[in-house]
Amino acid sequence: MDANAQLTIMKVLSNETRLSILQWLKEPEKHFVPQNIPESASFDGGVCVGSIQEKTGLAQSVISGYLSSMQKSGLLECKRVGQWTYYRRNEPVIEEFLESLSSQL
1 MDANAQLTIM
11 KVLSNETRLS
21 ILQWLKEPEK
31 HFVPQNIPES
41 ASFDGGVCVG
51 SIQEKTGLAQ
61 SVISGYLSSM
71 QKSGLLECKR
81 VGQWTYYRRN
91 EPVIEEFLES
101 LSSQL
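The opening position of the sequence shown corresponds to residue 1 in UniProt numbering, with each subsequent residue numbered one higher.
Hint data in this document are derived by calculation from the structure and do not stem from the laboratory. Glycine residues also receive a C-beta, built at the ideal position from the N, C-alpha and C atoms. Accuracy of the hints is not assured; some may be wrong.
Said to hold, decoys possible - Calculated cross-link-like contacts (lysine-lysine; reagent style DSS-like; alpha-carbon spacing at most 25 angstroms):
hint	residue 1	residue 2
1	Lys55	Lys72
2	Lys30	Lys55
3	Lys11	Lys79
4	Lys72	Lys26
5	Lys11	Lys55
6	Lys26	Lys11
7	Lys55	Lys79
8	Lys11	Lys72
9	Lys79	Lys30
10	Lys55	Lys26
11	Lys26	Lys79
To be verified - Label-pair ranges, simulated between beta-carbon atoms:
hint	residue 1	residue 2	range
12	Ala3	Ser61	29 to 35 angstroms
13	Asn4	Asp44	26 to 32 angstroms
14	Glu39	Ser14	35 to 41 angstroms
15	Val62	Ala41	31 to 37 angstroms
16	Ser61	His31	17 to 23 angstroms
Use the sequences and the hints to build the structure in full.
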């Protein structure tokens, strides 16, 4: 992972709420009510934006901005199913970030 990608991820994680969201999405079944994602969508571990917004207590627009920046950095994947958008962790990118950080520090 290049230095710019690492820096972008570190900036995203410097916000307490964004860091909490990433931690919650590590175990979505523990932190969110069961999601009704159709099986045909095949997006295991995805959590609806509304559920994330509800848990944070912040405005929908703020959460949407947070999730967008997390997706752009590569930390999250998203899938739109009907009128709902679901997010989940992008484990390969998180693993690559942790490995590259560990090897450099």
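| What hints, given by number in increasing order, does this structure fail? | 15
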